[in-house]
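2 protein chains.
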Amino acid sequence: MNTPTRIDQALKFAIASTEAETAPPLLAEAIRYSVFPGGARIRPRLCLAVASACGDDRPMLTDAAAASIELLHCASLAHDDLPCFDDAATRRGLPSVHKKYGEALAVLAGDALIVSAFEILAKASLAKPSRLPSLMMIVGQASGMPSGIAAGQGWESETKIDLEAYHQAKTGSLFAGATMAGAAAAGADFLQWREFGQRIGSAYQAADDIKDVVSPPDEIGKPVGQDAAHHRPSIVEDLGVEGAVDRLKDLIAGALAAIPDCPGKDPLRELIVAETKRFVPKGLSTQAA
Amino acid sequence: MNTPTRIDQALKFAIASTEAETAPPLLAEAIRYSVFPGGARIRPRLCLAVASACGDDRPMLTDAAAASIELLHCASLAHDDLPCFDDAATRRGLPSVHKKYGEALAVLAGDALIVSAFEILAKASLAKPSRLPSLMMIVGQASGMPSGIAAGQGWESETKIDLEAYHQAKTGSLFAGATMAGAAAAGADFLQWREFGQRIGSAYQAADDIKDVVSPPDEIGKPVGQDAAHHRPSIVEDLGVEGAVDRLKDLIAGALAAIPDCPGKDPLRELIVAETKRFVPKGLSTQAA
Chain A
1 MNTPTRIDQA LKFAIASTEA ETAPPLLAEA IRYSVFPGGA RIRPRLCLAV
51 ASACGDDRPM LTDAAAASIE LLHCASLAHD DLPCFDDAAT RRGLPSVHKK
101 YGEALAVLAG DALIVSAFEI LAKASLAKPS RLPSLMMIVG QASGMPSGIA
151 AGQGWESETK IDLEAYHQAK TGSLFAGATM AGAAAAGADF LQWREFGQRI
201 GSAYQAADDI KDVVSPPDEI GKPVGQDAAH HRPSIVEDLG VEGAVDRLKD
251 LIAGALAAIP DCPGKDPLRE LIVAETKRFV PKGLSTQAA
Chain B
1 MNTPTRIDQA LKFAIASTEA ETAPPLLAEA IRYSVFPGGA RIRPRLCLAV
51 ASACGDDRPM LTDAAAASIE LLHCASLAHD DLPCFDDAAT RRGLPSVHKK
101 YGEALAVLAG DALIVSAFEI LAKASLAKPS RLPSLMMIVG QASGMPSGIA
151 AGQGWESETK IDLEAYHQAK TGSLFAGATM AGAAAAGADF LQWREFGQRI
201 GSAYQAADDI KDVVSPPDEI GKPVGQDAAH HRPSIVEDLG VEGAVDRLKD
251 LIAGALAAIP DCPGKDPLRE LIVAETKRFV PKGLSTQAA
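Here the protein sequences line up with chains A and B, keeping their order.
Okay, so the first sequence: first residue is 1 according to the working numbering, each after it adds one.
Okay, so the second sequence: first residue is 1 according to the working numbering, each after it adds one.
One thing to keep in mind: the hints can contain errors.
[As the list claims (entries may be wrong)] Calculated cross-link-like contacts (lysine to any residue; reagent style SDA-like; alpha-carbon spacing at most 20 Å):
| # | chain 1 | residue 1 | chain 2 | residue 2 |
| --- | --- | --- | --- | --- |
| 1 | B | K123 | A | S130 |
| 2 | A | K160 | B | A20 |
| 3 | B | K123 | A | L191 |
| 4 | B | K128 | A | A127 |
| 5 | B | K123 | A | Q141 |
| 6 | A | K99 | B | E103 |
| 7 | A | K160 | B | G102 |
| 8 | B | K128 | A | L126 |
Treat the hints as calculated values from the structure; they're not laboratory data.
Remember, predicted model here, so these are calculated numbers, not experimental data.
Just chain A, same shape as in the assembly (with noise of 0.2 Å):
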């Protein structure tokens, strides 16, 4: 089975969980609406490269741990659109959760998204545990207090921000998350694969200041000067367009010399050059690929 369909499966079986004859439709809809249509999926794509790099001995385990990563990415964008954070109207080129189901609904969404990312490691786990409490504090250090997104949503209402913390915790975190993840899920020292995660994050994040920057609305799916309007730290402004083009292109090539050692190296890595390709805004990318 390939990448997109495990990943689609997974988070099919997950949000099939939610739902029942006796759950309140409405919150329901907006759960499922918060996942599908996804976007790159790019953190679950990363997760099962990791895991396929280290063998994958437990594919369902594997599986499980993609999607909780993604639904915990999915829950921080329900909640991050909300008008007390960014409020957001748009995303992925469609209503923001909050602008279709109202704020209630969206908090929820997130709420429950963050819970079935959890269950669905357990269930995955029924036969044998062994790997789960592994799994579940990556996933926790990647979601919650003190480093994980929810930290860094929490470092936009300071006054005073500590850039490096705020960017590892906003963006970095859900990569080693992902990265680790994988590895955990296939049996892998996973420690050895956070710093190839927060990397790959770090270069996600340039590419983003530099997309919010240059990117046509349509190209993104959400509005673009966001960071400017919300007075968001951004390596755009710092560096100038080109200079942040020029580092990205030396975040990219940090990430790929982090990769550890593992039965499946080289593949991964032309995998993660062909992806980061994905990085790049259109108009840029000869530059930066």
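With chain A's structure known, arrange chain B on it following the hints.
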């Protein structure tokens, strides 16, 4: 160690894990504020009581289970008080989380508490993960969709409410989670404990509906008359105060009758009789006791 101390220590350990020098300070404060000072801690008390009745052979795991249930409860309160839900300015006699820290940090505090509720189960299971999948499924079912607290809050966004599903999800689910988690932490057959928890939850909900009508605000630490103000279904609206108190007595008797056979059945029964006396507003206590 007595029950309140066990719960307090387990919660302090959980909250300390969300704090670090690199964490955003206001969010860290908002998380602590969401959990301390607490209310009656009735759900974790129930969890510990059931675990004790079942032998409590892994007290560290029991403590984590009890804290997990309470963290999920605190998360739901932080979100339920938000302007898009109940818009409550006070809770436990103090400003609600969003009144003190703003909406963004109240949303994130809830999110981080949900994550933490699962993380502490993982931490307490690192050496022996055999009971972890069950505990996670119990806690997930109590808090997410299709039938946990999030589902219960979700019903409040529907025009046509399934009253049975609403009450069971909004209140019953976490009480059932508390009894089942206590049993599962002690290695007992936890499914046997669902009905007892649900019945205790129904009694608690009835008591809460009554308090919402008859109590002075300084006694319950939050605004009264909220059910009517938000057009929420209430047992008092259906049966009147006297009828509701009669119903409460029946519900408590039904809960006592649903305690499964276990080594500590008699002391548990006595404890529940004593605890449920707290459910009843002061002026009405002799009627329902």
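Hints, one by one, checked against the model:
no.	hint	verdict
1	B/K123 x A/S130	holds, 13 Å
2	A/K160 x B/A20	holds, 16 Å
3	B/K123 x A/L191	holds, 17 Å
4	B/K128 x A/A127	holds, 14 Å
5	B/K123 x A/Q141	holds, 12 Å
6	A/K99 x B/E103	holds, 17 Å
7	A/K160 x B/G102	holds, 17 Å
8	B/K128 x A/L126	holds, 14 Å
Hint check: no violations occur; every hint is consistent with the structure.
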